[in-house]
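**Student:** These are the residues of each chain, in order.
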Amino acid sequence: MSLEVFFVAIISSMLINNVVLMRFLGVCPFLGVSKKTESAIGMSAAVMFVMVVASFVTYLLYYYVLEPVGITYISTIAFILIIASLVQLVEMFIKKFSKKLYKGLGIYLPLIVTNCAILGVAEGNIAQGYATDYGVLSGLWVATTSAFGAALGFGLVMFLFSAIRERLDHTDVPPAWKGLPVSLVTAGIMAMAFLGLGGMV
Amino acid sequence: MAENKKAVKNPNQKKKKKATQFDNFFKGVVRENPIFVFLLGLCPALAVTNTLETALGMGVLVIFVLTASNLVVSLIKNLIPDQIQIPAYIVVIATFVTIVGLLTEAYAFELHQALGIFIPLIVVNCLIMGRATAYASKNGPFNSIIDGVGMGVGFMLAMMLIGVSREILATGAITFGRYLPLPFEVSLIDTDMYMFNMEVFVGPAGGFIMIGVFLAIFTAIGNYNKRKKAQARQAWIEQKKKEAAERKKRKAMEEAGDSA
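Note that the protein sequences, when read in sequence, are chains A and B.
Residues 1 to 201 in our numbering are what the first sequence spells out, letter by letter.
Residues 202 to 461 in our numbering are what the second sequence spells out, letter by letter.
Just chain B, same shape as in the assembly (with noise of 0.2 Å):
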């Protein structure tokens, strides 16, 4: 009987746990990932993503641009109009955005060229500014910054996730050094399969193909948990009750022995 209550976990009873500085980054990462979860920024996470480095070298703006205007934003909260409280954010993130432009080209010109009109375009990244307006105009700026970090390697993230797939499937390979200012330049995994030439991933096409595929996969995981927590409840509930009848069948006895 004792075994087989500890098998069975209150589902219900919630773990206590004090909202550290580590959560607060990690929820950007996986719990609230910005593209697989709010769909924020999905323009250039269809845009860039054709191969792994141009990702990547997005994910590394955005990281830069989100953890500078987070910064500003949650020092300069306390000195803006709420009436112009959004001009004067986009100000801000253009500010550093202009500067991120004027870096990659200075040092990564090649990176510079393949992402083009989507470095601007940061700007309108709904990622950005909604964190300046949901978390940074609410919060400190310690824990601003670690939100736009935890924020941006999130987004990072998702972004290789979709650019390596839609790199391997076009090309059957992966490159480094072509865009990135890397000294080498290297193929991992070169094959010469043929299957894994499809042109279309190299499109925008796959860009959509490849995006709709990973949110379904996505939506099946939570929706296996999902059952999952579902049944665990089940189980739980009808634990309880066995018990509360046992119970109920002692006290029974316990008082039919008593008038006997």
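Here chain A stands alone, though its shape is the one from the complex (with noise of 0.2 Å):
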């Protein structure tokens, strides 16, 4: 398996089927945490810090656990939990160990459990089917690769759509349009931009 495996993971899951645009996941936090620059990038490092370690265990839990036991089908109760104990996890080990991380990511957190990119990529990467191409073990880290492109995805999308937000909020809007409406729109014309780069890869 050469590095390209990689990089044509990280750039289909960052720009061509991105998270938010593309494959609808995450699009709460989007509109919700989006309003201005500093807690959209806050949101985002959360973000990719929980989707990595979620990616990697659901994966080795559904390969490891779920299938040779046989009840794959259990895997969406599996998942919720091991997501909602794993930002558990993660915000006791920050408090302890970073209290200026704690400060900036801890009030995104708790609200990541209910982030549907998570769950919706941790069984994306089963549903691609990673382990038949490379292999259950390499497959691992294509899998983890590509959910870290993704992550990165949700953070670039994240930040374009802030500042974009931060400027609109200066215009001047009709007004059955102020708010979410307008951005709503732009979120569809950023989409339209993000359908370009379709053939990339």
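Hints were generated in silico from the structure; no laboratory data involved.
Here are the simulated DSSO-like cross-link-like pairs (lysine-lysine), alpha carbons at most 30 Å apart as the crow flies:
no.: 1; chain 1: A; residue 1: 178; chain 2: B; residue 2: 427
no.: 2; chain 1: A; residue 1: 35; chain 2: B; residue 2: 427
no.: 3; chain 1: B; residue 1: 430; chain 2: A; residue 2: 178
no.: 4; chain 1: B; residue 1: 427; chain 2: B; residue 2: 442
no.: 5; chain 1: B; residue 1: 449; chain 2: B; residue 2: 430
no.: 6; chain 1: B; residue 1: 427; chain 2: B; residue 2: 228
no.: 7; chain 1: A; residue 1: 36; chain 2: A; residue 2: 100
no.: 8; chain 1: A; residue 1: 36; chain 2: A; residue 2: 178
no.: 9; chain 1: B; residue 1: 429; chain 2: A; residue 2: 178
no.: 10; chain 1: B; residue 1: 228; chain 2: A; residue 2: 178
no.: 11; chain 1: A; residue 1: 35; chain 2: A; residue 2: 99
no.: 12; chain 1: B; residue 1: 441; chain 2: B; residue 2: 429
no.: 13; chain 1: A; residue 1: 36; chain 2: A; residue 2: 99
no.: 14; chain 1: B; residue 1: 441; chain 2: B; residue 2: 452
no.: 15; chain 1: B; residue 1: 228; chain 2: B; residue 2: 339
Label-pair ranges, simulated between beta-carbon atoms:
no.: 16; chain 1: B; residue 1: 379; chain 2: A; residue 2: 3; range: 35 to 45 Å
no.: 17; chain 1: B; residue 1: 335; chain 2: A; residue 2: 3; range: 47 to 57 Å
no.: 18; chain 1: B; residue 1: 379; chain 2: A; residue 2: 95; range: 48 to 58 Å
no.: 19; chain 1: B; residue 1: 317; chain 2: A; residue 2: 67; range: 12 to 22 Å
With the Cβ distance kept under 8 Å, some of the chain A side facing chain B (calculated, not the full set):
no.: 20; residue: 22
no.: 21; residue: 27
no.: 22; residue: 74
no.: 23; residue: 80
no.: 24; residue: 84
no.: 25; residue: 116
no.: 26; residue: 123
no.: 27; residue: 127
no.: 28; residue: 188
C-beta: ideal position from N, C-alpha, C; glycine also.
Fit chain to chain and form the complex, with the hints in mind.
**Tutor:** In structure tokens form, the structure reads like this:
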């Protein structure tokens, strides 16, 4: 397996199949926490951390516990429990080791449990069939890399969108379009722009 | 004078109405609509509304999961310690989502394929978790069921509204029987209108734009109602002022008459 595979995994999950604009995952934080660039960056960092760890753990759980036992149909329940407890663990860990980081990320961590991007990417790794393409163990690294790429894509779009919204606040928008409606249309135009990246890989 | 008084109603006077079961049901449909008012559950509202059928199917699944989880949560709310409330509710919801996923795979395979990853993602639909913590954990089973059905129907109607507009704009027709397990396949309003062939509304961009447009429409209606209410209030205040001035005048005249 060459490095190319990882590069393609990152590019395709970051730009071509962008979590927010192409796969509609994590739209709630995308609209909810993007009013300020600062909080958008904080949220993206927290998502990146949890997404990579959660993909790693859920992949292992699926192929080393659920599949040998033959209870793959229970994966949704197992994954969401893993993610919820993982978030709790990460919160405790950060609180203990870095007060500064906790202050920055702390408020976003509980929100992540209901962020569908995490569960969506974890389920997507399984549905993508990395294990059959590359073998179970190599597939783990590809899956984790593509989760990292997805988190990068989430961060990129959050940052761009929050910057646009900060400027939108100071523009003269008709009263009915003020706030969310104009933001949603902006997001639609952004999605069109990302559509153009489709044939890259 | 008397007629005039009738015409301008006091807007401050609230109609005293008892909250009935019907109100409890109906509030989820209009006043507290999950998608257009609270903006909950936007991920499926964007992702699976490219046709009316998928939107309808998703709505039905959400109604089932929401009602069932509301019922169970309201039954077990006293058994669960506060600290593990959210994990416990998530397990309840995830169980029903798994049931729904297996059922659709068995009886509506096309729908299952079309909804894809968004069936397991019902677990993290903020609407269901929100109703579990905000309503079902504080109310009895019967009220919780009604709240669940009402909110679910509101969600489904909003989904269908988006789905119908997107499908018409994208294909110029509404097809039944492609994804839902119906014994027939028909196309309603099957037109050859080339103008209704906007590819963009099939894709993600169209979803964002459609919801944005609907939100703007509803905000405009809300603003209009607010303005009208403010005008009515202003008219009422002026009327009262006029009456007071008249009363004062009459009183002054009476006093003047007395002294004379």
